[in-house]
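Asker: Each chain, written out:
Number of protein chains: 4
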Amino acid sequence: MQYRRLGSSGLQLSALSFGAWVTFGAQIGRSQARNLVACAWDHGVNFFDNAENYAHGEAERVMGDVIADLRLPRDGYCVSSKAFFGSVSDPAPTQRGLSRKHLNDACNAALKRLRVDYLDLFFCHRPDPDTPILETVQAMDALVRQGKVMYWGTSEWSAAQIREAHKHARANHLQAPAMEQPQYNLLHRERVELEYAPLYAEYGMGTTVWSPLASGLLTGKYNQGVPEDTRLGHDTMGWLREHLLGDSGEARLQRVRRFTRVATELDEAPAALAIAWCLRNPHVSSVILGASHVEQLQQNLQALEVLERIGEAGWQRVKAAVA
Amino acid sequence: MQYRRLGSSGLQLSALSFGAWVTFGAQIGRSQARNLVACAWDHGVNFFDNAENYAHGEAERVMGDVIADLRLPRDGYCVSSKAFFGSVSDPAPTQRGLSRKHLNDACNAALKRLRVDYLDLFFCHRPDPDTPILETVQAMDALVRQGKVMYWGTSEWSAAQIREAHKHARANHLQAPAMEQPQYNLLHRERVELEYAPLYAEYGMGTTVWSPLASGLLTGKYNQGVPEDTRLGHDTMGWLREHLLGDSGEARLQRVRRFTRVATELDEAPAALAIAWCLRNPHVSSVILGASHVEQLQQNLQALEVLERIGEAGWQRVKAAVA
Amino acid sequence: MQYRRLGSSGLQLSALSFGAWVTFGAQIGRSQARNLVACAWDHGVNFFDNAENYAHGEAERVMGDVIADLRLPRDGYCVSSKAFFGSVSDPAPTQRGLSRKHLNDACNAALKRLRVDYLDLFFCHRPDPDTPILETVQAMDALVRQGKVMYWGTSEWSAAQIREAHKHARANHLQAPAMEQPQYNLLHRERVELEYAPLYAEYGMGTTVWSPLASGLLTGKYNQGVPEDTRLGHDTMGWLREHLLGDSGEARLQRVRRFTRVATELDEAPAALAIAWCLRNPHVSSVILGASHVEQLQQNLQALEVLERIGEAGWQRVKAAVA
Amino acid sequence: MQYRRLGSSGLQLSALSFGAWVTFGAQIGRSQARNLVACAWDHGVNFFDNAENYAHGEAERVMGDVIADLRLPRDGYCVSSKAFFGSVSDPAPTQRGLSRKHLNDACNAALKRLRVDYLDLFFCHRPDPDTPILETVQAMDALVRQGKVMYWGTSEWSAAQIREAHKHARANHLQAPAMEQPQYNLLHRERVELEYAPLYAEYGMGTTVWSPLASGLLTGKYNQGVPEDTRLGHDTMGWLREHLLGDSGEARLQRVRRFTRVATELDEAPAALAIAWCLRNPHVSSVILGASHVEQLQQNLQALEVLERIGEAGWQRVKAAVA
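Residue numbers (full-length UniProt numbering), protein chains in the order written: chain A, 1 to 323; chain B, 1 to 323; chain C, 1 to 323; chain D, 1 to 323.
Keep in mind that the hints were calculated from the coordinates and are not lab data.
Not one of these hints is a red herring.
Identical copies carry no separate label here, and so any pair may be met within one copy or between two of them.
Simulated pairs of lysine-lysine, DSS-like, Cα-Cα distance not exceeding 30 angstroms: (1) K148 <-> K167; (2) K148 <-> K112; (3) K319 <-> K221.
With the rest of the complex left out, here is chain A:
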């Protein structure tokens, strides 16, 4: 495994990490969850990504139980949580967002579900237009000083919003955000590569990117349409289906088909190739992998070897394919 610093911070995350999203507490059972975490850990993964809303808190409960069960050393791994969407199905106004109340409640609830004394990373899962950024920074600062959170960050915030958080932190001697968790993949590049460009050097911002396979699209498995037994076939995943297959969906599929063709020509699994492509970006601290099968995870964990194999010429062909 390769380890990368979370931006300019002192925390070193595995370049490939494992997320509970969609699968834990929902699609897969506990023993499968245990196998996946064990497999990831055995491959050197040290960061396990979570959020309060994944399976309404159940994902974190499973993650906490599995990690305790595997007796992973607390100082050897990192867990995250994220607050914003709430952990109940129809959250009340005070059970969501980035108010001081919800950040405190969410942090304490995540600590309990994950069975830990502190969160390594705690994210503001989305910007909250109904909470002043200063209030959020103050609340996060207090959690860091209390030792309940090591590093706090944002997820899917605009560069301007991140800047404002830093401005407040500086003016008030408060802990500044250390990282962002943006979507990043061959089909979704603008924010990470353009919008955030000045932030990396200016604030030492790290990124833990999600959806490196564009919700599975880049594996090529939807090239011929959506089968019923895949994630996109699930009713509850309607929004993914919408997002990927609706609107400009056909144009997107064309790019994916070209990409998978290049992958075949390079003799690489499309998924591992797509993940390797994310790792090429030096501003990516860790790429979060999701998986429901151990074999799938093992394959995707080979992205680092793919990265070493593919030369500049290969990447040019990948780039052209998705252009």
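The hints should help you fit chains B, C and D onto chain A, whose structure is shown.
Answerer: Positioned in the frame of chain A, the structure of chains B, C and D alone reads:
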């Protein structure tokens, strides 16, 4: 229910909230208290207002027991307390006011009585001329940073005193007050509408207003004099009687009688109409309702519907009536 | 009882308070200690003064037990402790002084001995030339923010040292000292009246003064020499004997004899008159009384009545007597 | 024993202190460890130096047990720990370095191993190029404010790195480092005497120096080669052997042989003389002694007497010998 932000903060309170003042631990028993809280909660009320001195602490004890009994989710509701008057009948000099000692003692005692780990809102119940405002701000800041209080505020402070608190907070990087709890109703408008006017934009100040019915006067029930079995008939409520019926009491009653006449013409209950009128003010975050009967509470909770029904012309008539 | 603010702070102490010095854990037993505290409390005394070194910690242990036994309400009384001299007979270098280590150790030990969660007042018992004042201010600030101490102060520091503490507090947004505990009596006036003069207005400094009777001298009981059964007769009190009767002792005794004569002429007990004289100074927040007998304490507690009785002419005569 | 202030801080350490390095949890058993600590304590040693990595944490476990067993008073002695190298044999990326995560984990683990509530001194064992110094200062500041650490410092940092830590502390009102733990002995003088020279006055920096005997070289026991049963003869001590006997080893041995000759002429044990020489430097707060035998420790503890015996002429001869 409608939810409003507490000023510019990230906390969203129900526009109508429920207060323990006068009734809890005094006029009504525990089962009635339970019914009232259950009714309020079922209607979407998420803020329950308390103070150390209501029934000498007994009001908070009842509130804490009832909320625990109803198993309300801690992140779904808000409780307040207020410090200043003390919780014993004849408070010693250190058992009242806004000194660091009393604020700490009062906070810890309220947490115990209310059976919670933190107070959502903690008020300085009155200004304390015998404590420097800086000391109060420092003490409140420490409670917020310790996680024992989410938002602190003032009650019945002058605009100048509130400004001074903000000035100290800014100069020393301390948590500033987020809200005021002023009296506000058709007969008592100056402070909220004029004195505080510049504070809303400048500090993002929210307000949780008390006595929307002017101690019941605006229900019209005293239009023909004070019956013995009402709140004003109680001996212990002498000060209310004094305040409402003494001095310029007759002129006040004339305005109330005109108001109730307009309410009848508009085919609205005077109480709900008076509460709706408070809600018209966008600087009001929440209107605190008191009640000793469930029916009374249910009626008053209809104020939001009244607000939607009454048009500009109707409000002009109300305004003229109390002028 | 009269209550006075501790300088410009919000804490109100009884003008007469009770100290454990010399007597508790040493000259008197527990039941007598209990009677004294009960008597003081019944007369409205709300401040009980202690220090780590009084009877090597035993004084605080007795005070804690007695207060717990009498079930005094924690928010109704104040206790102090003081750190500097250490609580063991031959303190090691880290067991004394004003280093961060000793202040933390001393605070925690005093909390345990006094059986309380926080100290109302915590004093630096003497200036420590071997610890930077900034370190002391930082350590005290942390204790205040942790809620273990309400107000911190100094005892027998020079005005220049107190100024330096305030300067560091201001520059670093740290909690400044709120009070001094100086010796103050008719024979020892310079520091309180001259040296500290500018500090009262500038920093709102309060004072809790000790030895209002100049170690008993002002009672007149040593006017004819030192009897064997008094405090000065004790071997362990050799330093008091030295201090009072050595050197310029005779001149001092002459002034005391003139003072007791005036007291007799005014028909007042010399002790109560001397204490009343301290209370005349508006910069004195509280005068600490020591006593080994209840009758003695009761007599001295009458100083407030003496203060009301004596007019300006009377004080002029007192002043002339000790000149 | 002589006690010295840790730089300009208020902490007074014994001029000679005792370290667990190499011996505890490794070369010697628990009863021998107990005898050594007891001997040191009986001679007035009040500082026991440790680190997370000494014997992979076992050294701290032994030290904690021995100190508890001997019932040393917590306020009378000081313990240190150091974070950087990790406490397991092959530390994962998050189990070493100076990140906020590792400093928190390391501190909590050391508190547990040493069986104490706070560390008196907590060192950054080496500079960490992969962690911003600001992050380290913030993490240490939080530990100090939480009361888990009294004084934090560095070990083997460059003067420039120490300066940067102070710069960040000043700019952000954070706790600055109080001390350094550098190697210092007759053969290794440059850093302490030249590189750090301006830091002593500027920051009041104290030093707790290690290896006063240059890993035993200055005892003269390797003058004729390395016997198998000494520390240098141990396989695991290969690096020491390398460092001392490799490269410019012969020249170094020549200087040592001249030094031991002078010691003999002065009629002093070379070890005690070498330690005394370190104590001559007023910027040395404490010299850390290691020992595996009580006799050896007793001999080395005589360095203070040697210091009093040797005059300026003697030191000139020592100086010439190692030039």
